[in-house]
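Participant: On the provided structure of chain G, position chains F and W as indicated by the hints.
Each chain, letter by letter, is given below.
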Amino acid sequence: MDDKTEKDILQDIAAREYEHGFVTDVEQEFIPKGLDEDIIRLISAKKDEPEWLLEFRLEAFRRWQKMKMPTWAHLDIPEIDFQDIIYYAAPKKDSDRPKEIDPELEATFEKLGIPLNERAALAGVAVDAVFDSVSVTTTFRKALSDKGIIFCSFSEAVREHPDLVRKYLASVVPIGDNFYSALNSAVFSDGSFCYIPKGVRCPMELSSYFRINAKGTGQFERTLIVADEGSYVSYMEGCTAPMRDENQLHAAVVEIVVEKDAEVKYSTVQNWYPGDAEGKGGIFNFVTKRGICKGSGSHLSWTQVETGSAITWKYPSTILKGDNSSSEFYSVAVTNNFQQADTGTKMIHIGKNTRSRIVSKGISAGHSQNSYRGLVKMLPGADNARNFSQCDSLLIGDRCGAHTFPDIRNANRTAVVEHEATTSKISEEQLFYCNQRGIAPEEAVGLIVNGYAREVLSKLPMEFAVEAQKLLSVSLEGSVG
Amino acid sequence: MEETMHKTFKIYEGATCGMVIMLDGSGRSILCTGMPGDRTACDADDFGCIVLEKDARLNIVYIVMPGAQTGIDLSVALNGEGAEALVSGIYLCSGEDRVRIGMDIRHNVPHCISRQLFKGLVSGAAKVSFHGRITVAQDAQKTEAYQENHSIVLSDDAVVETRPQLEIYADDVKCSHGATVGRLNEEEQFYMRSRGIPENEAKVLQMLSFLYPVLENVADSACREEVASAIDSAVRHL
Amino acid sequence: MEMNEILLEIKGLKAGIEGKEILKGVDLTIRKGEIHAIMGPNGAGKSTLSAVLAGRENFIVTEGSVTFLGQDLLKMSPEERSWAGIFLSFQYPVEIPGVSITNFMKTAVNAHRKAKGQAELKAGEFLKLMKEKMAFVQMKPEFSKREVNVGFSGGEKKRNEIFQMAMLDPVLSILDETDSGLDVDALRIVAHGVNSLHTPEKSVIVITHYQRLLDYIVPDVVHVLKDGRIVKTAGRELVAQIENDGYDSIG
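Chains as they are written, first to last, in my numbering: chain G, 1 to 481; chain F, 1 to 238; chain W, 1 to 251.
Just chain G, same shape as in the assembly (with noise of 0.2 angstroms):
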């Protein structure tokens, strides 16, 4: 193919539109812009928070204003001003009917093809969909609740299981931990909470649906799941958000508490919006994931597909305590015109025979920066550990960079790290292959990097697998090489 063709192509994929652009015209409650103790007062009022949560809150502003954002990443992020965002934005609910859902909500979910209606919502997956700063509902509560497994919104856990989540919280992302978690706990305003009772499988996947809507908002969730001994759960989640010229910030704080032969697998994907073909918009998706292996043979596997945002700045990280815990991060990264993304995991073994995998696959078109960073680390405990890591990076035309940033730090002689990356662009041979048998260079390339992506991918739940390759091919439309 010559140059000519491979630019053309290229720029038709990346010319494709944004799906989720939309933006829902209801009435909203919004609290003043900026950021100090007052405002977090106010948030922690409206949502009738006891004393102790106020004080985890205080805490962790005071810690961040003494934090700088970090610099390490290989991004280059514009400056950000946290007194001009609205930290809380709701809608407004209807006082004759407080206990339904606002009928432009549940249009705009079912829009999204997240229906809240459990007569119409897909079988077997249970949603808590958060609109800005709000969980609009949750739904088959009562099904799950039969089995003694809670899944509600953050601010209904805080109100009828504090224990719990006063147990929890911070357990596993300290306060302090980072300057976005520590923002994330001092201004959080919902998000989901999950916990799975010993010894239950839960029948069905929980899943959150996070949407901003508002604008000059930034969108601060946390979520808190537990899966207690010898449990089983698998979570989704989902995001997007309006097309618009400014930047918006979004920073989440999850964590994940596996206990004692427990399972949690943890899928992610990431359609926030990724700004437009120059560059102008799109969300700065800030997160902090993290889980623990605490017990005994626990499993905690992460998978997400990162398609979406202006900037990604994400390490879904397991801490391998418990011995014979293992955990997997699998993950797919497409970055586009000038979007940035510095995505990858910690691996922190501190229990014998701990295994971890490491599977990620950056595609990287356009203008666009796509990084892998990843810490494996073997403590002086880990007797028999093994990691093993891929990482493996797709170029799609010559303007776009691809890196990758491991550290890997032994300290145990019966440890085992492996890591392996390889750097490839889609080769001509392939697409003129494609090409004779009829299929055109754009559906091509969409065939071709759903294939590069596959390992990741079979590991979704069926749900979110056909939707996380169609988003493959739409992310990268406008872009082939």
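Don't read these hints as lab results, they were simulated from the structure. Hints are supplied without guarantee of correctness; some may be wrong.
[Claimed, not checked] Computed list of lysine-lysine pairs in DSBU-like fashion (alpha-carbon distance at most 30 angstroms, straight line):
#1 G/LYS346 to G/LYS198
#2 G/LYS425 to F/LYS127
#3 F/LYS127 to G/LYS352
#4 W/LYS122 to G/LYS111
#5 G/LYS425 to F/LYS174
#6 W/LYS232 to W/LYS140
#7 G/LYS280 to G/LYS321
Facilitator: Only chains F and W this time, still in chain G's reference frame:
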């Protein structure tokens, strides 16, 4: 880079430069060079920054012996098309050794090849860190850049850190890196022992064969012999 | 005898790669129902001809014309040529990791149907078609789950090519050195596939260095391509002459 500002050493168009630098408790010395002239003529510290012009060839091998408290910082810039750099090393660390290796390979133009291969054995309470970076500039199409770092940890108190990094801004490239930090293969050991080879000897054989691929990069056969025998006796004493 | 309709007409074709001229004026007319063999020594330009016909863009056509069913073939993209009915069995089929044969063929078949204004095949219909065509080249059902050409033996790769040919039902098939790397059994299977697909409406170009494949796929016309030109055209008896006397005896 903390100790000295390195001078830039340039390999001119079409020229070949090969050298073997040995580092031990007494400092560094150049064992042999593929350059004309006296091998003692240049100080090993001169090679902190090497620039390759068109079709130039570089083959540099570092041998870090036990007792060396050292930091190696090398930056190689491939500035002319057709240039090829082979940078490799062996590190044997024991006791309280602290060894830090920093490699910075920059592909600034198209059609260049770089290969890095560092292998080492770490025992006692030694600590080794390897920090290697390959940067491929946007216009450096058809680059081939490979980087391998493999360490074997021989004792409970030894620590190895490795950070092999790829920074790639061009698409038509072949780049890869691999890193492992592990232990001697027990199945191999068992196999050798079942053939009557004593355990210690089996381990020595394994270690030597692990290091051998780097040794192969020493082009001069007399020099290779010299290095091989030094390594052989050092490995037996690890 | 009445002449059949012309399918492909190549006139004065000159083409090359990276400024080097490889085809130095090729003329060739293929009518419906005919099987043509293009033979020639290594480096004669045989594979260049197949690449140019399929639309490989790094080969540049400098002179001449190619007409396929009355259309200017050189103006068409590779996928348009595929939709129009040209199929190339590659000499070296490329690996596409992670893409299953089923998914690959479904995408291709539906692209063809879309180009013809037909609706996509239903999953059941498609699988039935797959099964039928796989049996045709003696491929086991498990084969459909494998990744396209990944880890295939030489014989499997070529059988996969003929299977795809059966699926896409082309008007003109170009078999580029399909016999290379095949043992006798695989050669028979491939040849059987090609022969059974052949109808009076369709044509085949067999590009080969050796006689072997032509024992099984019997050509109507044989051309010898040497140094970028067709130096001799005759009936199938030419094959035996080449086998006995070599290419030096010709042209």
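Participant: Hint by hint, note whether the structure agrees.
Facilitator: Now the hints, each set against the structure:
1. G/LYS346 to G/LYS198: Distance of about 27 angstroms is within 30 angstroms: holds.
2. G/LYS425 to F/LYS127: With a Cα-Cα distance of about 37 angstroms, the restraint between G/LYS425 and F/LYS127 is violated, given a limit of 30 angstroms.
3. F/LYS127 to G/LYS352: holds (22 angstroms)
4. W/LYS122 to G/LYS111: OK: W/LYS122 and G/LYS111 at ~27 angstroms, within 30 angstroms.
5. G/LYS425 to F/LYS174: holds (9 angstroms)
6. W/LYS232 to W/LYS140: Between W/LYS232 and W/LYS140 the Cα gap is close to 42 angstroms, so the pair fails against 30 angstroms, i.e. violated.
7. G/LYS280 to G/LYS321: Not OK: G/LYS280 and G/LYS321 at ~43 angstroms, beyond 30 angstroms, violated.
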